[in-house]
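Enquirer: Sequence:
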Amino acid sequence: MGIFKKDKLQIINFQSYGSASRLYVRGRAIEDENIDLDRKGIFNLMGNTWKRFETDEVRNTALKITFANGETVEGTTDDDGYYLIDKNIEGLQNLANDEGWLNFELSFNDTNLKREIVLQNRFPGEMLIPSEHAKFGVISDIDDTILHTGVVSSLKWKVIINTMFKRATKRRQLEGASDFYMKLHNGKTGSEANPLFYVSHSPWNLYRYLELFLKTNNFPKGPILLRSMASFRMRKKNDEKPQKQREISNLLNAYPNLPFILIGDSGEKDGDIYQEISSLFPGRIKAIYLRSVNHSKRMKRIENLFVDFKDIPFLMVNKTEEAIAHAKENGFI
Numbered sequence: 002m003g004i005f006k007k008d009k010l011q012i013i014n015f016q017s018y019g020s021a022s023r024l025y026v027r028g029r030a031i032e033d034e035n036i037d038l039d040r041k042g043i044f045n046l047m048g049n050t051w052k053r054f055e056t057d058e059v060r061n062t063a064l065k066i067t068f069a070n071g072e073t074v075e076g077t078t079d080d081d082g083y084y085l086i087d088k089n090i091e092g093l094q095n096l097a098n099d100e101g102w103l104n105f106e107l108s109f110n111d112t113n114l115k116r117e118i119v120l121q122n123r124f125p126g127e128m129l130i131p132s133e134h135a136k137f138g139v140i141s142d143i144d145d146t147i148l149h150t151g152v153v154s155s156l157k158w159k160v161i162i163n164t165m166f167k168r169a170t171k172r173r174q175l176e177g178a179s180d181f182y183m184k185l186h187n188g189k190t191g192s193e194a195n196p197l198f199y200v201s202h203s204p205w206n207l208y209r210y211l212e213l214f215l216k217t218n219n220f221p222k223g224p225i226l227l228r229s230m231a232s233f234r235m236r237k238k239n240d241e242k243p244q245k246q247r248e249i250s251n252l253l254n255a256y257p258n259l260p261f262i263l264i265g266d267s268g269e270k271d272g273d274i275y276q277e278i279s280s281l282f283p284g285r286i287k288a289i290y291l292r293s294v295n296h297s298k299r300m301k302r303i304e305n306l307f308v309d310f311k312d313i314p315f316l317m318v319n320k321t322e323e324a325i326a327h328a329k330e331n332g333f334i
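The opening residue of the sequence shown carries number 2 in the working numbering; numbering runs sequentially from there.
Because the hints were derived from the structure by calculation, they are not lab data. Since we're looking at a predicted model, the values are computed, not measured. Hints should not be assumed to be uniformly reliable.
What the hints assert, rightly or not - Derived pair list, reagent style DMTMM-like, types lysine to aspartate or glutamate, alpha-carbon separation capped at 20 Å:
id: 1; residue 1: Lys65; residue 2: Asp87
id: 2; residue 1: Lys7; residue 2: Asp111
id: 3; residue 1: Lys222; residue 2: Glu193
id: 4; residue 1: Lys115; residue 2: Asp57
id: 5; residue 1: Lys65; residue 2: Glu106
id: 6; residue 1: Lys65; residue 2: Asp81
id: 7; residue 1: Lys189; residue 2: Glu133
id: 8; residue 1: Lys222; residue 2: Glu106
id: 9; residue 1: Lys9; residue 2: Glu32
id: 10; residue 1: Lys136; residue 2: Glu100
id: 11; residue 1: Lys184; residue 2: Glu322
id: 12; residue 1: Lys9; residue 2: Glu106
id: 13; residue 1: Lys287; residue 2: Glu277
id: 14; residue 1: Lys298; residue 2: Asp273
Kindly produce the complete structure, drawing on both the sequences and the hints.
Expert: Okay, here's the thing in structure tokens:
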């Protein structure tokens, strides 16, 4: 009968962002597949990859958030097990720590589940409320911007190999990236707590994998904004703006008084997206940094794209020390 035993349930909270008066929390409720990101061996790595993408969601189920002061907020998962709890609540900054992180507890709030729940149905969650001392925010791509991925490789084979056959703790950051990001986080005064937001086209299934990579490599903690697998199937060519662009627009709209630095790479569409963002939000972008990639045609395209781009400081980054020097010259660090 053990063969037919159902997996336990869990809630995964995706670190998100909000404000002193806005709760904006995202995550997913799924069955616990017992994924161990530290386990070695090729078969364990392949098994973990399968488990990350072959998820069993907990659909249309009531959830509850409990804050440190005992107050609660309720929400519900959708047909894919995702939840988005977006509510106006005053005084949230009083519950946040010095870095602006609001900690809370998530739990299933449906007494009819009749399933075993891990962690005694008490799951940690976090949301970032940018510090009032922050001078700017940083929005960064992940693949080939801070993480060696290979998105410009033919047929994306390097992306597949790196994701399936390498543990998150063994993935390499681009040289000096975490040091640069920590300097931006601390700002010119060293105590600005400028918020970092990591935005990627990768699916939410890789959230914990990327979270572990960032932590292992000492990047500043920040919300990781990905997309659902459904968006890969639903989005038609030229049908709507890329998910990454919509997430960046949401961030700029969420913090209308905070300027931003945009960091990406020259391999995909970051240059196009960042240029359009800067035109849609005039005066809001302090600088654009694009990592160089080993692809001559794409590099040439980006050079042509930015040849007449004069209004905002722009740098094609070959080595991180160039970006650090540029940031110092412009008073960011």
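Enquirer: Run every hint past the structure and note whether it holds.
Expert: Results for each hint:
1. Between lysine 65 and aspartate 87 the alpha-carbon distance is near 13 Å, which keeps this suggested pair within the 20 Å criterion.
2. With a C-alpha separation of about 17 Å, the suggested pairing of lysine 7 with aspartate 111 holds against the 20 Å cut-off.
3. Taking the CA atoms of lysine 222 and glutamate 193, the gap is near 14 Å; set against the 20 Å cutoff, the hint holds.
4. For a cut-off of 20 Å, the pair hint linking lysine 115 to aspartate 57 stands: about 16 Å separates their Cα positions.
5. A C-alpha spacing of about 8 Å is found between lysine 65 and glutamate 106, which places the hinted pair at or below 20 Å, so the restraint holds.
6. Restraint check for lysine 65 and aspartate 81: the C-alpha separation of about 18 Å stays at or below 20 Å, so the hint holds.
7. For the given pair, lysine 189 sits about 15 Å from glutamate 133 by alpha-carbon distance, which is consistent with the 20 Å threshold.
8. For the proposed pair lysine 222 and glutamate 106, the alpha carbon gap of about 19 Å is at most 20 Å, so the pair holds.
9. Between the alpha carbons of lysine 9 and glutamate 32 the distance comes to roughly 6 Å, so the proposed pair stays at or under 20 Å and holds.
10. The hinted pair formed by lysine 136 and glutamate 100 meets the criterion: a straight-line CA distance of about 14 Å does not exceed 20 Å.
11. The straight-line distance between the Cα atoms of lysine 184 and glutamate 322 is roughly 12 Å, inside the 20 Å bound, and the hint therefore holds.
12. Note on lysine 9 and glutamate 106: the hinted pairing holds, with a Cα-Cα distance of about 18 Å set against a maximum of 20 Å.
13. Annotation: proposed proximity of lysine 287 to glutamate 277 holds, straight-line Cα distance about 14 Å (limit 20 Å).
14. Only pairs whose Cα atoms come within 20 Å are accepted, and lysine 298 paired with aspartate 273 is accepted, the gap being roughly 15 Å.
Hint compliance for this structure: no hint is broken.
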